[in-house]
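Asker: Those protein sequences? They're chains A and B, same order as listed. Counting along the first sequence from 1, when you hit position 26 you're at 26 in our numbering, and nothing is skipped either side. Counting along the second sequence from 1, when you hit position 374 you're at 374 in our numbering, and nothing is skipped either side.
Quick caveat, the hints were computed from the structure, so don't treat them as lab data. Treat the hints with care, since some could be wrong.
It does not matter which identical chain is meant; a pair holds if it fits inside one copy or across any two.
Cross-link-like lysine-lysine pairs, in silico, DSSO-like; alpha carbons within 30 angstroms at most [what the hints assert, rightly or not]:
no., residue 1, residue 2
1, Lys386, Lys73
2, Lys73, Lys352
3, Lys386, Lys352
4, Lys352, Lys297
5, Lys26, Lys297
6, Lys26, Lys73
Please read all numbers here as calculations on a predicted model, not as lab measurements.
2 protein chains.
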Amino acid sequence: MTGTEQPLAAPVNWQRFLAERTQSMKSSAIRELLKITQLPDVISFAGGIPAPELFPVREIEEACSYLLRHEAKTALQYSTTEGHPPLREFLAESMARYGIHHGPDNVLITTGSQQALDLIGKIFIDPGARVLTCRPTYLGAIQAWRAYQASFATVPLDDDGMQVELLEDLLRTNPARFVYVLPNFHNPAGVTLSEPRRRRLVEIARAHDLILVEDDPYGALRYEGEDLTPIAALAPERTIYLGTFSKTLTPGLRIGWIVAPTDIRQRLVQAKQGADLHTSTFDQMIANDIAQRGILKVHVRQLRQAYRERMLTMLDSLEEFWPEGSSWTHPQGGLFLWARAPEGVNALTMLKVALEHRVAYVPGVNFYPDEDGGHNAMRLNFSAAKPEMIVEGIHRLGMTIRDALAGGA
Amino acid sequence: MTGTEQPLAAPVNWQRFLAERTQSMKSSAIRELLKITQLPDVISFAGGIPAPELFPVREIEEACSYLLRHEAKTALQYSTTEGHPPLREFLAESMARYGIHHGPDNVLITTGSQQALDLIGKIFIDPGARVLTCRPTYLGAIQAWRAYQASFATVPLDDDGMQVELLEDLLRTNPARFVYVLPNFHNPAGVTLSEPRRRRLVEIARAHDLILVEDDPYGALRYEGEDLTPIAALAPERTIYLGTFSKTLTPGLRIGWIVAPTDIRQRLVQAKQGADLHTSTFDQMIANDIAQRGILKVHVRQLRQAYRERMLTMLDSLEEFWPEGSSWTHPQGGLFLWARAPEGVNALTMLKVALEHRVAYVPGVNFYPDEDGGHNAMRLNFSAAKPEMIVEGIHRLGMTIRDALAGGA
C-alpha cells in the first residue's frame, strides 16, 4: 500500500482517442428521464416498468434458498455462454406452443433483451448499413444499433401495425440488413401487427431475401383477442426471435433470450463471449426454477388481470380528461399506449410543464429514428402506476395539454 | 395460438448479411475447452475458475433473504445504468485505500469484467486501430477487441511483467489507442509488474499522451510480498481501471466495475445503456450486502490462505514431476502460473494426449495476439483443484510431457 500520488500531468484530450462510432451514440432520453421520475410524488407514465408490488417475491426467495442449499456450486460459478441448459429447454418447449419449433440448441440466453439487440447489431451492422423499422419504433433498438453506425429507413404504422406493404417501395432505394418488427403490443405505439400483414411481411421477406428480427417482449401479456402467429413460426428460416422475462417475471434479473437459425445462433454466441462471457448463472437458475415450478404461468395470469384493469382505467381517463382533438391507440396487451395531443401541442417542450405538475411521459419524437415526427405524441405506460394514480396522472396531463393549447404552445 | 406453419422457403445465405467485423470474431478456445473439462474425472488447470467449495454460500443466502424481505421492489426492478449507488460508494472507498482517489460518480458497474473490456473496445476502437499489450496477454481482452477489428502490437514480458521500456520503440511505428496492462499476477503469465516499471510506464504514457487500461481482477489475492501502487493511482488522469468480484466473491453473479475519468465514464455509461441497460440489480445488491457486512474482507482472507497453499503445492509438484528443461513462473498471487515444457514440445498438439490422461490446461499459443509464440508453454490454474488433485494432475502432465519428448513431439 503506497498511498496517494499527486499527478503532475497535463489533462488528457480524450476526444482524440474515441472511436468514430461514439459520434452516433447518445444517452437514452428515457433512462435520463427515469432519474427525474423516481421522485416519489411524480406519477410516471414514462418508464416501461412492471408493477413492483406484483413481483412474486416469496417464490423468488424460495428459489434462492433452494438453489443455494442444493446447487450453490453451479449457481454461483461460471457457466456456458449459451445459457443454463434446463432454462433453454423450458424456453424451447414454451415457444413450441406458439408454433416456433426450434430446439434448445437454437436458444441463447442474453443479459436482458437489450443485449440481444446489441449482439444483433454487432454481427449484422457495418457502418452505414441500413435497418428497416416502422416509425415510431423502440428506442432501445435505435440506441443499440446507432452504436454500430446503422442508418435507418422507416415505414409508418397504423392500427394494424407496421404498414408492411410500403416496404417494397422502400427496398427499391434502401437495400437492408434486416427488418425490425415488434408485432405484439408495439412499443411505443401499443398496436398489433395483423395476421394478414404478418403473412404479407413474410412474402416480401422471401421475395427480397430479407432477414426479420422479431422482438416480442410483451407477447404473453395479452388482455383482449386471440394470439396471432409469431413471425418466427411463419418464416423460421429467416427470423431471429427475441424474448424476455423482464415484463413477465422481473426486469432486475436481466434475463432475455434469442432464438435463431443454427448458423446465426453460433455467431451470436461468439459475440456474447466477447461481450460478457455469460449471463448471471444465479439469475438464470432463479428464472428457471420459477418457470419450471409453474409459478411463471400463474404469475402471468395475475399480471394480465391487473394490467388489463390499468389499461382500461387509462383509456377511460383519457376519454374523460383530455381535450377534443386528442387521440390514442387501444392496445390488446402490453404496457404502453400512444397518445396524441391536439395538433399544435409540442409534447417535448410540454414535458417540463408536465413535470411541474408531477406527471411524466416520454415525448413521441424520441421514437423516430430517421425523419422527424410524433411532435404532439407521447408514450404512456399503464403497468407501473396503480389505477387511482393513473386517473390522477391522466387528469393532470389533460390539464397540462389544455394549458398548452391556451398558451398557444 | 395458430400452430405450426411449414416453411416453403429457400435456405438463407446468412454470410452475405454479416458485418465485416464478424470475420475477426472467433470462439474462445478456453470457453470451448471448458465444455470438455467439465467431465468429472478430468483434472482441469484450464479454467480461471475459483474454488466452488469456498463460496460464501450461507452468507449469500442471508443476503438474498434480507433483500427480498426488505428491498424486493428495488432489488427486482430496473435500475440505473451507472449501478447501485451504495455499491459504487463501497468500491470508491475501498479503492481509495489503494491510492485510487475517484468518487462513486467515476465508478460504473459492469456485467463482469468482460463487459468492461467490451465497452472499452466500443468507445475506443475503430477498425484497424492499434492496441498495445504484452505477449502473452489475456485472451478475453483479445476476443473483446478483435470484435471491433483492433490490431495488436506487443512487447514481451519477463519476471517483472511487461517490458515497458520497449514500448517507446514500438510507438515509433505503432500509434496506439491505448496500452492494456494487467499488472498484478498476470493472466496468463502469473508475473507482477515491478514498481519501477509502473513508474516508467506512466512516464512513457505521459510523454506520448497514451491511455492506460489497467485490468486488476486478482489484486486482492496476494499471497507473498507487499501491494504495489496501482497505475490508476500513479496516473489517474489517463488510466481506466477494471475490477471484479468474480475472483473474490463468485463469478456466477457477473459483477465487475470500471473506474474512469469523468468524460470517459460518461461515454462508457452511454455504451452500456445500449449494451444491456444495466447489470442485474439483484446481483449488485447481493454483492453490496456481502461487501458492506464485512464478509467480503473475511472471505478474501480465507481465499488467500487456500489459494496460496494450492499455488505452493503446484510449484512443489512441478519441481518434483516435470522433466529437466521445463520452467515456470513463481506468482505472488492470483490464479495462474505459466509453465514451459522443454523446447520442442508442442503444447497445443500435446493437449489431446493430456486429455486422454484426464488432465487439461490452456496451450500458450492462445495468448499471443499478434505474432506466434508460446508453443511449448501452457497456462496452469491453481485455484480450482484441491491440493491432492493438483499433485496428481501435475504428475500426469509431467508424464505427458515425457511421452511427448520420447515421441519426438
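Asker: Which earlier hints can't be squared with this structure?
Answerer: Numbers 4, 5 - these are the hints that the structure violates, sorted from lowest upward.
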